[in-house]
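For the record, the sequence lines run as chains A and B. Heads up: the first sequence is residues 1 to 474, going by my numbering. Heads up: the second sequence is residues 1 to 484, going by my numbering.
Calculated directly from the structure, the hints in this document are not laboratory data. One thing to keep in mind: the hints can contain errors.
Here are the simulated DSS-like pairs of lysine-lysine, each with C-alpha atoms no more than 30 Å apart in a straight line [stated by the list, open to error]: (1) A:Lys79 - B:Lys67; (2) A:Lys101 - B:Lys377; (3) A:Lys129 - B:Lys386; (4) A:Lys79 - B:Lys48; (5) A:Lys129 - B:Lys380; (6) A:Lys75 - B:Lys94; (7) B:Lys340 - A:Lys212; (8) A:Lys129 - B:Lys356; (9) A:Lys75 - B:Lys386; (10) B:Lys394 - A:Lys79; (11) B:Lys61 - A:Lys79; (12) A:Lys338 - A:Lys212.
Treat the numbers as computed from the prediction; the structure is a model and nothing was measured.
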Amino acid sequence: MKYEKVIGLEVHAELSTKTKIFCGCKNEFGADQNTNVCPVCLSMPGMLPVLNGQVVQYGVRAGMALGCEIPNFSKMDRKNYTYPDLSKSYQISQFEFPLCKRGSVLIETEDGQHEIGITRIHIEEDAGKLVHQSGFSQVDYNRGGVPLIEIVTEPDLRSADEVKVFLETVKANLEFIDVSDCKMQEGSLRCDVNISVRPEGQEKFGTRTELKNLNSFSAIFRAIDYESGRQIEVLEDGGTVLQETRRWDDLQGKSYPMRDKEEAHDYRYFPDPDLVPIFLTDEEINVIRDSMPELPAAKKDRYIKTFGLSAYDASILTNSKFTAEYFEQCVLQYPNPKAVCNYIMVDMLKMLNESGTDPSRIPVPAGDLCGLLKLVEDGVINSSVGKQVFEDMFKTGKPPAQIVEEKGLKQIDDTQAIHEIVLQIIKANPKPAADYRSGNKKAMTFFVGQVMKATKGKANPKTVNELVQKELDQ
Amino acid sequence: MKLNELTITRARNLLEKKEITSLALTEDCLKRIEEAEPKIHALVTVAKDTALEQAAGIDKKRAAGEKTGRLAGIPTIIKDCICTRDVKSTASSKMLYNYVPIYDAHVIEKLKAQDYVLVAKANMDEFAMGSSTENSGFGVTKNPWDLERVPGGSSGGSAAAVAADEAIFALGSDTGGSVRQPAGFCGVVGVKPTYGTVSRYGLMAFASSLDQIGPITKSVEDAAIVMNTISGRDERDSTSAIMQYPDYEKDMKKDVRGMKVGVPREYLEQEMSSDVRNIFEESIRQFKDMGATVETTSLPTFDYALSAYYIISSAEVSSNLARFDGIRYGYRTKEYADLKEMYKKTRSEGFGDEVKRRIMLGNYVLSSGYYDAYYLKALKVRTLIKNDFEEQFKKFDFLLSPVTPTPAFKIGEKSTPMEMYVSDLFTVPVNIAGMSAISLPAGLSDEGLPINIQVITNAFCENTMFRAAYNFEQAAGFAAKPAL
Numbered sequence: 001m002k003y004e005k006v007i008g009l010e011v012h013a014e015l016s017t018k019t020k021i022f023c024g025c026k027n028e029f030g031a032d033q034n035t036n037v038c039p040v041c042l043s044m045p046g047m048l049p050v051l052n053g054q055v056v057q058y059g060v061r062a063g064m065a066l067g068c069e070i071p072n073f074s075k076m077d078r079k080n081y082t083y084p085d086l087s088k089s090y091q092i093s094q095f096e097f098p099l100c101k102r103g104s105v106l107i108e109t110e111d112g113q114h115e116i117g118i119t120r121i122h123i124e125e126d127a128g129k130l131v132h133q134s135g136f137s138q139v140d141y142n143r144g145g146v147p148l149i150e151i152v153t154e155p156d157l158r159s160a161d162e163v164k165v166f167l168e169t170v171k172a173n174l175e176f177i178d179v180s181d182c183k184m185q186e187g188s189l190r191c192d193v194n195i196s197v198r199p200e201g202q203e204k205f206g207t208r209t210e211l212k213n214l215n216s217f218s219a220i221f222r223a224i225d226y227e228s229g230r231q232i233e234v235l236e237d238g239g240t241v242l243q244e245t246r247r248w249d250d251l252q253g254k255s256y257p258m259r260d261k262e263e264a265h266d267y268r269y270f271p272d273p274d275l276v277p278i279f280l281t282d283e284e285i286n287v288i289r290d291s292m293p294e295l296p297a298a299k300k301d302r303y304i305k306t307f308g309l310s311a312y313d314a315s316i317l318t319n320s321k322f323t324a325e326y327f328e329q330c331v332l333q334y335p336n337p338k339a340v341c342n343y344i345m346v347d348m349l350k351m352l353n354e355s356g357t358d359p360s361r362i363p364v365p366a367g368d369l370c371g372l373l374k375l376v377e378d379g380v381i382n383s384s385v386g387k388q389v390f391e392d393m394f395k396t397g398k399p400p401a402q403i404v405e406e407k408g409l410k411q412i413d414d415t416q417a418i419h420e421i422v423l424q425i426i427k428a429n430p431k432p433a434a435d436y437r438s439g440n441k442k443a444m445t446f447f448v449g450q451v452m453k454a455t456k457g458k459a460n461p462k463t464v465n466e467l468v469q470k471e472l473d474q
Numbered sequence: 001m002k003l004n005e006l007t008i009t010r011a012r013n014l015l016e017k018k019e020i021t022s023l024a025l026t027e028d029c030l031k032r033i034e035e036a037e038p039k040i041h042a043l044v045t046v047a048k049d050t051a052l053e054q055a056a057g058i059d060k061k062r063a064a065g066e067k068t069g070r071l072a073g074i075p076t077i078i079k080d081c082i083c084t085r086d087v088k089s090t091a092s093s094k095m096l097y098n099y100v101p102i103y104d105a106h107v108i109e110k111l112k113a114q115d116y117v118l119v120a121k122a123n124m125d126e127f128a129m130g131s132s133t134e135n136s137g138f139g140v141t142k143n144p145w146d147l148e149r150v151p152g153g154s155s156g157g158s159a160a161a162v163a164a165d166e167a168i169f170a171l172g173s174d175t176g177g178s179v180r181q182p183a184g185f186c187g188v189v190g191v192k193p194t195y196g197t198v199s200r201y202g203l204m205a206f207a208s209s210l211d212q213i214g215p216i217t218k219s220v221e222d223a224a225i226v227m228n229t230i231s232g233r234d235e236r237d238s239t240s241a242i243m244q245y246p247d248y249e250k251d252m253k254k255d256v257r258g259m260k261v262g263v264p265r266e267y268l269e270q271e272m273s274s275d276v277r278n279i280f281e282e283s284i285r286q287f288k289d290m291g292a293t294v295e296t297t298s299l300p301t302f303d304y305a306l307s308a309y310y311i312i313s314s315a316e317v318s319s320n321l322a323r324f325d326g327i328r329y330g331y332r333t334k335e336y337a338d339l340k341e342m343y344k345k346t347r348s349e350g351f352g353d354e355v356k357r358r359i360m361l362g363n364y365v366l367s368s369g370y371y372d373a374y375y376l377k378a379l380k381v382r383t384l385i386k387n388d389f390e391e392q393f394k395k396f397d398f399l400l401s402p403v404t405p406t407p408a409f410k411i412g413e414k415s416t417p418m419e420m421y422v423s424d425l426f427t428v429p430v431n432i433a434g435m436s437a438i439s440l441p442a443g444l445s446d447e448g449l450p451i452n453i454q455v456i457t458n459a460f461c462e463n464t465m466f467r468a469a470y471n472f473e474q475a476a477g478f479a480a481k482p483a484l
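Given only the sequences and the hints, what does the whole structure look like? Please build it.
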């Protein structure tokens, strides 16, 4: 029997506000342990939370980017559970009245477009972190009180691929509106997966499990594959899937049920009496709406329509705010969108991947890439040298002209000099020359390659081609 | 003259005229503390050295002709659940036996800005849960009028200390009557301001939606003076009212002729001692004599207030007190095998019985399956009670009631929690409705115990409350002091 996966996500994204959600402590990653803390986020007796207005604004922006309704009224609730990293032993979150609700995100995979429903987006505080060392457990509360949004989707996703595209789309949107860094490795984007399987064609959902501890995109996809396979196996064996929370073990590549104690929570939600409800007037909501930048989907359309890029290129460029911004800066200075796009899509992405550099830290200034394109266009260097120069620019941060100068990479246009080399090479390789003359025209590429090699790739390729052909045809 | 017996008004007058010094005043209070404490145990920490230092400093300031604050050099006692920087603040719980805050509560900042002198921290029912101060983790406080009786609670230490003249005034906190009831048992003045009037920043939370800090003083005028100091908008408390705060002393001395007074019959229908009833009826006559019109009225939801109160306050307690986990500060059990055991032993050993009872009750009413039947219903009842009161204030300037059904009861007399809870019957509705009220002395029982009355006014109508109370105080002329 064929089975279909049914997947819903709970995505947590840390908001990049200046300060924490309920106190004035700095919201920054990587500070020394317990240095970004105060009596409020350490929950000392008598301390009270005060909601950071920027968090509300960022949450609303996220809601707008993901097509949500923004109600005029929402409020904060307490989610009660005890763990050392949660200093109040309750998390201030939102239960009944979230900041944003009923949205949707359009994603595009190989088999077409899919609309993924967003149930709700609410704001809440993050917990601290346990640090286990030499037999002791210590708590670092720096992260305690860092603002989060939790994005809850409808069970509308059907494959790991859809999940991937959905998460990329969400990440791109949150980046574009400047509300989150979305760095999975720093934990600023986290995701729990609710998954069930059902025989294809069946309307009714199967019993779902919730997967936790998914710390990377690859863990998410592996976990989805593993867990759907496990559920199918259970069903095929005539068993029933238990509704439970399972912990993903990335090393083992398996999911395990969480111990009863870990999951049997009754969170005893109730309205937080220390905080007042959030009232947003239509006017306030509109002010935020008016401040929204162009979102990835609109940008992509514009790149296709105005710049004539392919849908694929446009979607890759708009996958990250940083590549899109970079592209637009380049096009302003060097108005040949396709040439710019090619460099970014091929050479830049390759270098970013190879060096593991985040697109937010592209080391080549846009002006330098444009300079390089200009050098190629003007024939100062040829295009294959251009690619070498780009690699050097990426690694050293030097401007292209300097690299060309230092390495002597200027194109050789001296026809006489090239001619001499051509003659030498034909003379030194009588066999391929004979092959050519006896009709194997492909042998010409050998000579062109040898000439380019002899000139370290600097010879004007057009001249080389002409001369090689001329000499061989004689 | 024993300076410690002075009111704020009188002491301030003498200090300003330089007839007395704050040092002398503070020394008298400290001397009185030494005498009285072995008998009443109203205090948990006496800040003797810093008090003398502060007093001397303010005297110097005054002598140098510098501007001094509204409470300059006035010795003050603070309930121990109000955080005082560098001075131990325990909420009378073993859980916080060693807790020294690194911050001042908003009210303390305000008092400091007016040059007050902190002489001591007052005993209380643990985390303000109780009506007798018998629930303190550090021993029972005794009523200065009769050492076999309780001073009331939870601000029993503050009220007993003021009644015994250990200081000029005190601060307490009132969640269901915790200022007004002990003020009644000790024959002093106690105010529960409208919710939102005094910042809760630095007040260790009992029930966040009900807690208010209020003054305990020797006169109505003193209470208004203290209110003028401690009230005001505080950005750090989101529930702090955003408004133009009134001058609480303004119009206080205007007469009450023509004012309309309501007496809810539900109060009178409760069981109460004949002393309380007689003195209350006497008070009604007093108001009539002063030219007010008094009418019987009705608060139909009165009977539900106590139940709603114990559900809402316990729910909030269960969550508010969850932070006392032995991880960051306060008490931690000595030996434990793992985290779970550490939590269990720390909280079992650190909290007293009443606190545990309320935490259990609160967790119960918030549990899935019970939330709607208890907590949600209580919230609805609360709205109805609030509406009831608001209706009354369309007709009346203020409501009048007794503060408690009986004068101070004996230590150990209330043997079940329910008996104890019922002693808050008359005060709780005011908190549930978010109104303001004052408890002030009206007379003595046959046994010579003080009996107070309660003036209840609409939210943010403290001016009317002070005016009614001031007029009554002047007419009643209550001047008795405990023969301690």
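Status of the hints after comparison with the structure:
1. As the CA atoms of Lys79 (chain A) and Lys67 (chain B) are separated by approximately 49 Å, the hinted pair breaks the 30 Å bound.
2. With a CA separation close to 27 Å, the supplied pair Lys101 (chain A) and Lys377 (chain B) stays within the 30 Å bound.
3. The suggested pairing of Lys129 (chain A) with Lys386 (chain B) is violated, with an alpha-carbon distance near 43 Å, which exceeds 30 Å.
4. For the given pair, Lys79 (chain A) sits about 43 Å from Lys48 (chain B) by alpha-carbon distance, which is inconsistent with the 30 Å threshold.
5. Straight-line distance between C-alpha atoms of Lys129 (chain A) and Lys380 (chain B) comes to about 39 Å, which puts the hinted pair past the 30 Å bound.
6. About 35 Å separates the Cα atoms of Lys75 (chain A) and Lys94 (chain B), which puts this hinted pair outside 30 Å; it is violated.
7. At most 30 Å may separate the alpha-carbon atoms for a hinted pair to count; Lys340 (chain B) and Lys212 (chain A) meet this at roughly 22 Å.
8. Pair hint Lys129 (chain A) plus Lys356 (chain B) holds up; C-alpha atoms about 29 Å apart against a cutoff of 30 Å.
9. Among the hinted pairs, Lys75 (chain A) with Lys386 (chain B) is consistent with the structure: their alpha-carbon atoms are about 21 Å apart, no more than 30 Å.
10. Straight-line distance between C-alpha atoms of Lys394 (chain B) and Lys79 (chain A) comes to about 39 Å, which puts the hinted pair past the 30 Å bound.
11. Distance check on the hinted pair: Lys61 (chain B) and Lys79 (chain A) sit about 50 Å apart at the alpha-carbon level, beyond 30 Å; violated.
12. A distance of roughly 43 Å separates the Cα atoms of Lys338 (chain A) and Lys212 (chain A); the hinted pair therefore is violated under the 30 Å criterion.
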